[in-house]
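Using the sequences and the hints, build the whole thing.
So the sequence lines, in the order shown, correspond to chains A and B. Quick note: the first sequence uses the working numbering, first residue 3, plus one each step. Quick note: the second sequence uses the working numbering, first residue 3, plus one each step.
It is possible that part of the hints are untrue.
Any copy will do: because identical chains look the same in the list, a pair fits if it lies in one copy or spans two.
Computed cross-link-like contacts, SDA-like style, restricted to lysine to any residue with a CA-CA straight-line distance of at most 20 Å [stated by the list, open to error]:
id, residue 1, residue 2
1, Lys-113, Ile-228
2, Lys-337, Gly-242
3, Lys-113, Leu-226
4, Lys-109, Ser-134
5, Lys-264, Pro-70
6, Lys-236, Arg-95
7, Lys-109, Thr-237
8, Lys-337, Met-244
9, Lys-337, Thr-53
10, Lys-326, Ala-54
11, Lys-110, Phe-245
12, Lys-50, His-336
Everything labelled a hint here was simulated from the structure, so no lab data went into it.
So you can see what is in the structure, the chains are spelled out below.
Protein chains: 2
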Amino acid sequence: MSTTPLRPYNFSAGPAVLPEAVLRTAAAEMLDWHGSGMGVMEMSHRGKEFTAIHAAAEQDLRDLLAVPANFRILFMQGGGLGENAIVPMNLSRGGMVDVVVTGSWSKKSLKEAGRYADALAVASNEADHHTSLPAPATWALRDGAAYVHVCSNETIDGVEMGELPDLAALGSRAPLVVDCSSHILSRTIDWSRVGLAFAGAQKNIGPAGVTLVFVREDLLGHALSICPSAFDYKTVADNGSMFNTPPTYGIYIAGLVFQWLKSQGGVAEMERRAIAKADLLYGYLDNNGGFYRNRVATQARSRMNVPFFLADDALNDAFLSGAKDAGLLQLKGHKSVGGMRASIYNAMPLEGVQALVNYMQDFARRHG
Amino acid sequence: MSTTPLRPYNFSAGPAVLPEAVLRTAAAEMLDWHGSGMGVMEMSHRGKEFTAIHAAAEQDLRDLLAVPANFRILFMQGGGLGENAIVPMNLSRGGMVDVVVTGSWSKKSLKEAGRYADALAVASNEADHHTSLPAPATWALRDGAAYVHVCSNETIDGVEMGELPDLAALGSRAPLVVDCSSHILSRTIDWSRVGLAFAGAQKNIGPAGVTLVFVREDLLGHALSICPSAFDYKTVADNGSMFNTPPTYGIYIAGLVFQWLKSQGGVAEMERRAIAKADLLYGYLDNNGGFYRNRVATQARSRMNVPFFLADDALNDAFLSGAKDAGLLQLKGHKSVGGMRASIYNAMPLEGVQALVNYMQDFARRHG
Numbered sequence: 003m004s005t006t007p008l009r010p011y012n013f014s015a016g017p018a019v020l021p022e023a024v025l026r027t028a029a030a031e032m033l034d035w036h037g038s039g040m041g042v043m044e045m046s047h048r049g050k051e052f053t054a055i056h057a058a059a060e061q062d063l064r065d066l067l068a069v070p071a072n073f074r075i076l077f078m079q080g081g082g083l084g085e086n087a088i089v090p091m092n093l094s095r096g097g098m099v100d101v102v103v104t105g106s107w108s109k110k111s112l113k114e115a116g117r118y119a120d121a122l123a124v125a126s127n128e129a130d131h132h133t134s135l136p137a138p139a140t141w142a143l144r145d146g147a148a149y150v151h152v153c154s155n156e157t158i159d160g161v162e163m164g165e166l167p168d169l170a171a172l173g174s175r176a177p178l179v180v181d182c183s184s185h186i187l188s189r190t191i192d193w194s195r196v197g198l199a200f201a202g203a204q205k206n207i208g209p210a211g212v213t214l215v216f217v218r219e220d221l222l223g224h225a226l227s228i229c230p231s232a233f234d235y236k237t238v239a240d241n242g243s244m245f246n247t248p249p250t251y252g253i254y255i256a257g258l259v260f261q262w263l264k265s266q267g268g269v270a271e272m273e274r275r276a277i278a279k280a281d282l283l284y285g286y287l288d289n290n291g292g293f294y295r296n297r298v299a300t301q302a303r304s305r306m307n308v309p310f311f312l313a314d315d316a317l318n319d320a321f322l323s324g325a326k327d328a329g330l331l332q333l334k335g336h337k338s339v340g341g342m343r344a345s346i347y348n349a350m351p352l353e354g355v356q357a358l359v360n361y362m363q364d365f366a367r368r369h370g
Numbered sequence: 003m004s005t006t007p008l009r010p011y012n013f014s015a016g017p018a019v020l021p022e023a024v025l026r027t028a029a030a031e032m033l034d035w036h037g038s039g040m041g042v043m044e045m046s047h048r049g050k051e052f053t054a055i056h057a058a059a060e061q062d063l064r065d066l067l068a069v070p071a072n073f074r075i076l077f078m079q080g081g082g083l084g085e086n087a088i089v090p091m092n093l094s095r096g097g098m099v100d101v102v103v104t105g106s107w108s109k110k111s112l113k114e115a116g117r118y119a120d121a122l123a124v125a126s127n128e129a130d131h132h133t134s135l136p137a138p139a140t141w142a143l144r145d146g147a148a149y150v151h152v153c154s155n156e157t158i159d160g161v162e163m164g165e166l167p168d169l170a171a172l173g174s175r176a177p178l179v180v181d182c183s184s185h186i187l188s189r190t191i192d193w194s195r196v197g198l199a200f201a202g203a204q205k206n207i208g209p210a211g212v213t214l215v216f217v218r219e220d221l222l223g224h225a226l227s228i229c230p231s232a233f234d235y236k237t238v239a240d241n242g243s244m245f246n247t248p249p250t251y252g253i254y255i256a257g258l259v260f261q262w263l264k265s266q267g268g269v270a271e272m273e274r275r276a277i278a279k280a281d282l283l284y285g286y287l288d289n290n291g292g293f294y295r296n297r298v299a300t301q302a303r304s305r306m307n308v309p310f311f312l313a314d315d316a317l318n319d320a321f322l323s324g325a326k327d328a329g330l331l332q333l334k335g336h337k338s339v340g341g342m343r344a345s346i347y348n349a350m351p352l353e354g355v356q357a358l359v360n361y362m363q364d365f366a367r368r369h370g
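Structure representation (structure tokens):
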């Protein structure tokens, strides 16, 4: 009897696994959404059908993350790399931008912000090869910075902030900008500490091509004159994310994911599951006799993206090939880090992580 | 016996009707693409499965439109309104941009280009309420313009250029930029006259959130310093449209549409069908005793987007409601023009246009 599950477990860092229930609904509704005679991809974004889909997605997201009324939720395009330019075009006013470098993504944000502002790394874990988290008390925050940028979960390096920094307590009056692409909806967000948060949907939500932006209303309306209209948060907000044609199908899929999250118990339940999955995987990585290891400092470890290494790199290909045969997909690490990476987002069940650990144990036994 | 077809005919201007065969394939492959164990939305954009989908879509598109080897094809995000900024950020060099105003879309392009360059309307049909086409010989082209922008099919106004202007013959050395969003793949493109062409996919291809850009290689590499990396054509081209995560599912759907187009006989067959559909609809609009009319000059009429008006505006609601009952959807005109609009893209069969004409005849008989 094969040990391969009916549907393999997919550990991709993004685009990533979606809940099977969501895919089944999407397939069933492909030619006809709710008796409208149209598939969702075929609907005018201004018609009552899609307007209802969009409004429900936004409200469900607001409910799930308890987003306060003074934050606008925008559905945009361009992903995290797009936002790396769009944020400073909207918020920097050409002034100072403080960036906390904790991995590959925040480094990219720092570099791109430099096109529009005086961007400075006010802290960095580069000397640790992005395996630690610089303590907020050590950040060299500048007076008068337009904003402070953090990436609260580094997808490539597997580093996650357990909580968002309290800039006010650090003596800063700058708004905090949070790139939470790869762990959004896996834990609560303390909005009292946030000015703007953004997330590409293709990691913990699913469809690529949708970017979620949560922006405090007082930060709208300060875009640089060179900011494209389609990426000016105020223009997007004033038009209810319909200034340009939104990525309608991706918003629909995201909305189905939000419904699924609610049905499963919401963000609190996702956090409980994330802790259980991470405990299982890190527990094995720390106690396997040295065959595998994760290099990130314990307090900085991501619950979502778990890079790990075989002690013997020469076994990498055999590991990946055997994993695929066992129904465990997309485990190859990012090229900049090497080794393996298991992304264990909301849509990954505990059983998938258990299957991975079982396979890892078996592989170590055969090759150890 | 009901006259409603099993699947209604959808005349939306975009997002718009998709071929039923494409939707059926997408639904069937939703949970497992070609035995990979993953749906397309769940695949890493860098994995071999999606890389193959992307490469096939690009090659099919190149084949369908006979795109020369010195043009790069980019899959981007942001739609036509995004390109209105992205084009001048990449091509204007801060100099002069000549825009031919033929309707709502080229007016938007003119306004947005003004953020980055000395943008000027070198011709306009505004005095005609966008119902005509200014003859190229009358365009006040400027020496040294960085490029000349035209919208070869105005979705809102229903105005289409029968052929692209030959700028060289007009004494200009500027590259021609063509917004062909709403009639791409319905006719051939004379690439010898083009420097850059772009199209939002949500009109004549289907999925919103994908923008196609065709750019001559010599135009790459001149972006303004404030151009976001994710929208710098050279960066996008150098990374094979994978600098940031592309809208993977939309590219997959577009690829299925390209396969469908090939199976139907390609662009030549689409043009033949477009002529037949347009002849049928305009033929009736011009010969119905004055109950309905189209206001666009005969030589300027779009084969794709057909705005029309009832002589008695008070009947509009009854017309739309009866149309819906007859399985004819999304016929309401754009709010800036009023009346009705039938968009009859590649995926609309002749039978759909015939059903519309039949309904219009019946409605006129009952209300005339």
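Taking the hints in turn, this is what the structure says about them:
For the homomeric pair Lys-113 and Ile-228, the shortest alpha-carbon distances inside one copy (18 Å) and between copies (13 Å) are both at most 20 Å. In the homo-oligomer, the alpha carbons of Lys-337 and Gly-242 lie at most 20 Å apart only across protomers (17 Å), although the nearest pairing inside one protomer, at 38 Å, exceeds that limit. Taking CA atoms no more than 20 Å apart as the test, Lys-113 paired with Leu-226 passes in both settings, with 18 Å inside one copy and 16 Å between copies. With identical chains, the CA atoms of Lys-109 and Ser-134 are at most 20 Å apart within one copy only, with a shortest distance of 15 Å there and 51 Å across copies.
For the identical chains of this complex, Lys-264 and Pro-70 are intra-copy neighbours only, at 18 Å inside a copy versus 50 Å across copies, given an alpha-carbon limit of 20 Å. In this assembly of identical chains, the alpha carbons of Lys-236 and Arg-95 lie at most 20 Å apart only when taken from the same copy (14 Å versus 27 Å across copies). In this homomeric assembly, Lys-109 and Thr-237 come within 20 Å of each other (Cα to Cα) only across copies, at 18 Å, whereas the closest approach inside a single copy is 28 Å. In this assembly of identical chains, Lys-337 and Met-244 lie within 20 Å of each other by CA distance solely across copies; the values are 15 Å between and 37 Å within a copy.
With identical chains, the CA atoms of Lys-337 and Thr-53 are at most 20 Å apart between copies only, with a shortest distance of 16 Å across copies and 41 Å within one. Proximity of Lys-326 to Ala-54 under the C-alpha cut-off of 20 Å is restricted to the inter-copy arrangement: shortest distance 19 Å between copies versus 40 Å within a copy. Taking identical chains as interchangeable, the C-alpha atoms of Lys-110 and Phe-245 lie at most 20 Å apart only when they sit on different chains, with a minimum of 12 Å there against 28 Å within one chain. For a Cα distance limit of 20 Å, the shortest separation of Lys-50 from His-336 across copies, 15 Å, qualifies, whereas the shortest one inside one copy, 42 Å, does not.
Violation of the numbered hints given earlier is absent; every hint is satisfied by the structure.
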